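A.B. asks: For the record, the sequence lines run as chains X and U. For the first sequence, position 156 (counting from the first letter as 1) is numbered 155 according to numbering that gives the first Met the number 0, and the numbering increases by one without interruption. For the second sequence, position 41 (counting from the first letter as 1) is numbered 40 according to numbering that gives the first Met the number 0, and the numbering increases by one without interruption.
Please keep in mind that the hints were generated in silico from the structure rather than gathered at the bench. Nothing here was measured: the structure is a model prediction, and the numbers come from that model. Check the hints yourself; a few may be wrong.
As the list claims (entries may be wrong) - Facing chain X, from chain U, some residues (calculated, C-beta under 8 Å):
no. : residue
1   : 7
2   : 10
3   : 32
4   : 47
Said to hold, decoys possible - Simulated coverage check for chain U against chain X, where a stretch passes if three residues somewhere in it have a Cβ under 8 Å from a Cβ of chain X:
no. : region
5   : 13-26
6   : 54-61
7   : 65-78
Just so you know, even glycine gets a beta-carbon here, dropped at the ideal spot from N, CA and C.
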Amino acid sequence: MFVTANYKLSFDHLRRALAGIDGWILALDTKGVNVWCAAGEGNFSTEELVRRLRDVQLDQVVSHRNLILPQLAAPGVNAFEATKLSGFRVVYGPVYARDLPRFLAAGCTATTDMRRVHFRWHERLAVAPLELVIHFKRALLAGLALALLAGISPAGFSWSRMTSLGGLALALWVAAYVLAGLLGPLLLPWLPMRAFALKGAALGAALAAAGLATFGASWPFLRMAAWLLLVATGTSFLLLNFTGCTTFTSPSGVRREVRWALPAQSAGAAIGLAAWALAGWQMP
Amino acid sequence: MKYLSDQISLRLDAGRCIGCGLCETVCPHGVFLVQRGKAQIRDRDACIECGACARNCPVDAIAVDSGVGCAQAIINGLLTGQETCCGERSCCGAKPTEKRRAGLIP
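Isolated chain X, as found in the complex (with noise of 0.2 Å):
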């Protein structure tokens, strides 16, 4: 008896994982999320499985009083009480779906290396997307604000110069963005620093770099600056919400890091857009 949540992409791992194994999965009801946030939210619970296995009236379907949980609901049940509430044996399995043949051929023992969650290459690469997109508008938001404040000049307001200046800074702030959300997690190892503000500065300086030397190259020192500064705080302020994304970050970590990031980033900001605005009083 296999236990999974009722996230599709979870049923269907352990659905294709134990092809051609003789068994029952039992799906419990977790709102539709993944078995690891479920746990950590507490709908993975001990409560949930003894209520499930009640609802289904399991001890009459099999004989047996074996349950196969996967490992990564251990945060939000508890395998003794679990057991002393439902007469039901409780086994955690592999972290990942895919170990369970070797599993369960090895008579239910998992070596240390299914035990350990990983963060490869891939799977930093499919959680990059979702931090894009929850913060595409607010990002978007800012490029526009950019654009308009490059209008303005002692002149007043040139529509020419926003649409121009404006429009080449806009596309360089999103294709900034869109190579932070995607780099960031992809290079994370290798970016230097352990404070996840500090890979996004670094990383943020040296997209801002490399946009300003192949497009930028013309601009005033004060506009060069204030671009270098927007974007590695920009970009310092989307890796730091990328902990959330990640396997191996703690809450206590991430609030240490929060507290001295999130106003260091305010300050950069703000620096940032008043030396943007500024700079247009150095144009010619």
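Start from chain X and add chain U according to the hints.
C.D. replies: Structure of chain U alone, referenced to chain X:
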């Protein structure tokens, strides 16, 4: 990959430990090592405070402050002075405040 060091709230009371080894089993980052009938913390900085070990320890020898770890939720909490919560439209579909009120999250 390693995150910040010396931030982890994990506490292990070795005196209570009966060496059942479940903490070592459920930990997805190999934080624990059980040797000669006692668990010990092998790699504290690898801990992500998911709470699996504490939840499954039969003698309550482990404590850890687990909770919502999303930056957005923590930022919301700091800005509003309220509990850490992503709000109604969270990316993971959770409504932690509701759950905490219902006693589902410790």
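A.B. asks: Holds or violated: residue 7 of chain U as interface residue toward chain X, Cβ cutoff 8 Å?
C.D. replies: holds, 6 Å
A.B. asks: Please verify the coverage claim for the region 65-78 of chain U: does it have three or more residues whose C-beta sits within 8 Å of some C-beta in chain X?
C.D. replies: Our answer is that it holds, as 11 residues pass the Cβ test (under 8 Å) against chain X, meeting three.
A.B. asks: Closer than 8 Å between Cβ atoms is the bar; does residue 32 of chain U clear it against chain X? Give me holds or violated.
C.D. replies: Where the cut-off is 8 Å and the nearest Cβ of chain X is about 11 Å from residue 32 of chain U, the hint is violated.
A.B. asks: Does the region 54-61 of chain U contain three or more residues whose Cβ lies closer than 8 Å to a Cβ of chain X?
C.D. replies: Three-residue rule met by the region 54-61 of chain U, so holds; n is 3.
A.B. asks: Using Cβ atoms only, decide whether residue 10 of chain U comes closer than 8 Å to chain X, and label the hint accordingly.
C.D. replies: Where the cut-off is 8 Å and the nearest Cβ of chain X is about 12 Å from residue 10 of chain U, the hint is violated.
A.B. asks: Count residues of the region 13-26 of chain U with a Cβ under 8 Å from any Cβ of chain X, then say if the count reaches three.
C.D. replies: It holds, with 4 qualifying residues against the three required.
A.B. asks: So, as I understand it, the hint says residue 47 of chain U touches chain X; can you test that by seeing if any CB pair is closer than 8 Å?
C.D. replies: holds, 5 Å
Hint check: violations occur at hints 2 and 3; the rest are consistent with the structure.
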